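Assemble chain B onto chain A, guided by the hints.
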Amino acid sequence: MNPRFFSGMVLLMTVWLVGFASTAMAGDDPLSTIRNPIDKVITILNDPQYRAPGQESRQRDAIWDTMIPLFDFMEISQRTVAQHWNTFSKTEKSDFSDIFSRFLGNIYIDKIQGEYHDEKVQYLGQNFHEDIYAEVKTLILRQATQIPVNYRMLKNNAGQWRIYDIVIEGVSLVKNYRSQFASLLQKNKPTGLIRILHEKVAHHETELVNPQPEKQKK
Amino acid sequence: MRCHPVKSVLWIFFCWGLALTCFSCAASRPPAPSGPSSSPGADAPVSSDPGAESSDWYDPFDDAAPSDAVSPHTPIADPLSGFNRAMFVFNDKLYFWVLKPVAIGYRTVMPTPVRKGIKNVITNFMMPIRLVNCLIQGKGAAAKAEVGRFLVNTTYGIGGLFNPAQNYPALNPPDEEDFGQTLGHYGMGNGFYIVWPFMGPSTVRDTLGAIGDWAANPLTIIRLSNADAGFLSESETAWIVRGVDTVNSASFRIGDYEALKEAAIDPYEAVRDAYIQHRNSRIAR
Numbered sequence: 231m232n233p234r235f236f237s238g239m240v241l242l243m244t245v246w247l248v249g250f251a252s253t254a255m256a257g258d259d260p261l262s263t264i265r266n267p268i269d270k271v272i273t274i275l276n277d278p279q280y281r282a283p284g285q286e287s288r289q290r291d292a293i294w295d296t297m298i299p300l301f302d303f304m305e306i307s308q309r310t311v312a313q314h315w316n317t318f319s320k321t322e323k324s325d326f327s328d329i330f331s332r333f334l335g336n337i338y339i340d341k342i343q344g345e346y347h348d349e350k351v352q353y354l355g356q357n358f359h360e361d362i363y364a365e366v367k368t369l370i371l372r373q374a375t376q377i378p379v380n381y382r383m384l385k386n387n388a389g390q391w392r393i394y395d396i397v398i399e400g401v402s403l404v405k406n407y408r409s410q411f412a413s414l415l416q417k418n419k420p421t422g423l424i425r426i427l428h429e430k431v432a433h434h435e436t437e438l439v440n441p442q443p444e445k446q447k448k
Numbered sequence: 005m006r007c008h009p010v011k012s013v014l015w016i017f018f019c020w021g022l023a024l025t026c027f028s029c030a031a032s033r034p035p036a037p038s039g040p041s042s043s044p045g046a047d048a049p050v051s052s053d054p055g056a057e058s059s060d061w062y063d064p065f066d067d068a069a070p071s072d073a074v075s076p077h078t079p080i081a082d083p084l085s086g087f088n089r090a091m092f093v094f095n096d097k098l099y100f101w102v103l104k105p106v107a108i109g110y111r112t113v114m115p116t117p118v119r120k121g122i123k124n125v126i127t128n129f130m131m132p133i134r135l136v137n138c139l140i141q142g143k144g145a146a147a148k149a150e151v152g153r154f155l156v157n158t159t160y161g162i163g164g165l166f167n168p169a170q171n172y173p174a175l176n177p178p179d180e181e182d183f184g185q186t187l188g189h190y191g192m193g194n195g196f197y198i199v200w201p202f203m204g205p206s207t208v209r210d211t212l213g214a215i216g217d218w219a220a221n222p223l224t225i226i227r228l229s230n231a232d233a234g235f236l237s238e239s240e241t242a243w244i245v246r247g248v249d250t251v252n253s254a255s256f257r258i259g260d261y262e263a264l265k266e267a268a269i270d271p272y273e274a275v276r277d278a279y280i281q282h283r284n285s286r287i288a289r
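Chains A and B supply the protein sequences, listed in that same order.
With our numbering, you'll find the first sequence wraps up at 448, consecutive numbering, no jumps.
With our numbering, you'll find the second sequence wraps up at 289, consecutive numbering, no jumps.
Calculated directly from the structure, the hints in this document are not laboratory data.
Heads up, some of the hints might be wrong.
To be verified - Restricting the straight-line Cα-Cα distance to at most 25 Å, the calculated cross-link-like pairs of lysine-lysine (DSS-like) are:
| # | chain 1 | residue 1 | chain 2 | residue 2 |
| --- | --- | --- | --- | --- |
| 1 | B | Lys97 | A | Lys430 |
| 2 | B | Lys120 | A | Lys350 |
| 3 | B | Lys265 | A | Lys341 |
| 4 | A | Lys270 | A | Lys320 |
| 5 | A | Lys430 | A | Lys419 |
| 6 | B | Lys104 | A | Lys341 |
| 7 | B | Lys143 | A | Lys367 |
Owing to the predicted nature of the structure, the values given are computational and were not obtained by experimental measurement.
Bound-form chain A, shown alone:
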C-alpha cells in the first residue's frame, strides 16, 4: 500500500480522535477552552482553501467566529474604563462594549491574518485563583524569538471560562487601554469616547476594503 496514503489515514484518525476527545472534555478546563480555538485558528491560517484570491474575508470571518466567543467583552470594557464605568449609562455601557469589541476584533484579527509566519503556540500551564479566576500561560514561538502571552480568564455564571485580559510580554492590554481611556475620559463624556472608537473602527474598515480590490487584480 502507498505509504503516503497510510500516513494520511493515521493523521486523519488522530485528528478525528483528538477532535472527539476535545469535545468530550470541553467544559471546565480554562486551558482547553482556549487551546482548541487557537489551534483551530492556526489550522484556518494554514488552510490552502483561503489562499485563493478573494477568500481573505471568508478566512477573516472564520477566525472571527472561532475567537470572539472566548472573550467576555462586557468584563473587558468594565475593566478598561475602570473608575469611570459608573458614569456610563446602561445604553452607553452596551454601546461602548459593542464598539470596543469590534475595534479589538478588527485590529487583532487583521494582525493575526496579515502577519502570520508559521508561528507555533506552546501551552505552558494554568494557574487558578479562588476557583473563578485562571491564568493560562502560553509561548508564541517565532523564527528567532519567543513571546510570552498569558490569558486571564474568569468563570461566568454559566460555568464557562471567558478571557478578560491578555498579557503580552508582561504588558496587560486592559491596563494599557485603561491609561489611555482615563485621559480621554477626563476631556470627553462617555459618548465622546464611544464616538472616537466609532471613528477608529470606520477608518480601519475603509482601509480594509480599499486595498483588497488591488490585491485581487493580480
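Quick look at chain B alone, frame taken from chain A:
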C-alpha cells in the same frame, strides 16, 4: 587636551543622567508622604479605595510590583512630556523612513539562518552584561545558566553562531538581565519617563542603567584596552556592531511596533504604558 568625541558625548550623557536622578529624587520625595494630592476625586489611588467600584477591576494575577503610578490612569510621572512627545515623533519617523526600509531590504537579502546566526553571535558576545547583573542581584542559578550557555554556545555553537544550549532548560536563564533591572531589583523607582532620540523609551533609572550596561559591554572593554581589530579602529568596530545589531534585531520584529501603534487610541500614551509595564514585569521576574 585631546578628548575622543564619543567619550565626551558619553560623559555629558552621564552627567545629565546624574543631574536627572538628583532632580527626580528631589521631585518625587515630597508628595509621597502627604497622601492624596490636591484633586481628591480623580487622583485617589486604586488600592486605598475600599469602595465597591475598585473590585470591578480586581485582578488576582496583577503582581503588586513596585509601582511609580502617579494616579490610577498615569503609570509614571512625565514632566518632560513636551520634549518626550517631540522625540516620540522623531523616533517614529526614524523608524518608518530609515530603520524599517533598511531592515526590510536587509531581510530580503539575508537568509533567515544568517540573520539568526548574527543574532546568536551578538547575544553570546554580550553575555558579560547579563552575567554581571545576575551576580549583583544574587541570582545564582541564572548566573550559572549564563556561563553554561556561553561555554556551550561558544564551543559547540561555533563561536556563538548556533544556540545548541536552547534545548537544555538549565542553560536558559529566565530573563535577560540589565543594570536598569538591577537598580529596580534593589528598590530604585523609575523616576520619570524620558524618550531619547534614537534609543527610544526610557526612564531616569533605565538611563542610568544604560550607562552601567555600557560599562559592562565587552565592546567598551575592548575599546578601553585599545585592541584594534586590524584595519578597523576599536570605536568603528563598536559602531558597526551596534548598527548591525539594530538592523538585524529590527528585521525580526517588523510589524510589532506598527501593531502596537495601530491598536492604540493615543500611541504616545500606549507606548509609555507598555514600556513601564514591560520593565516592571521583568524586574519582578
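Taking the hints in turn, this is what the structure says about them:
1. B:Lys97 to A:Lys430: holds, 22 Å
2. B:Lys120 to A:Lys350: At roughly 18 Å apart (the allowed maximum being 25 Å), lysine 350 (chain A) and lysine 120 (chain B) satisfy the hint.
3. B:Lys265 to A:Lys341: Roughly 12 Å between the alpha carbons, so the hint for lysine 265 (chain B) and lysine 341 (chain A) holds.
4. A:Lys270 to A:Lys320: Not satisfied, since the Cα-Cα distance of roughly 35 Å exceeds 25 Å.
5. A:Lys430 to A:Lys419: This hinted pair holds, its Cα atoms lying about 17 Å apart.
6. B:Lys104 to A:Lys341: holds, 18 Å
7. B:Lys143 to A:Lys367: holds, 23 Å
Checked against the numbered hints given earlier, this structure breaks only hint 4.
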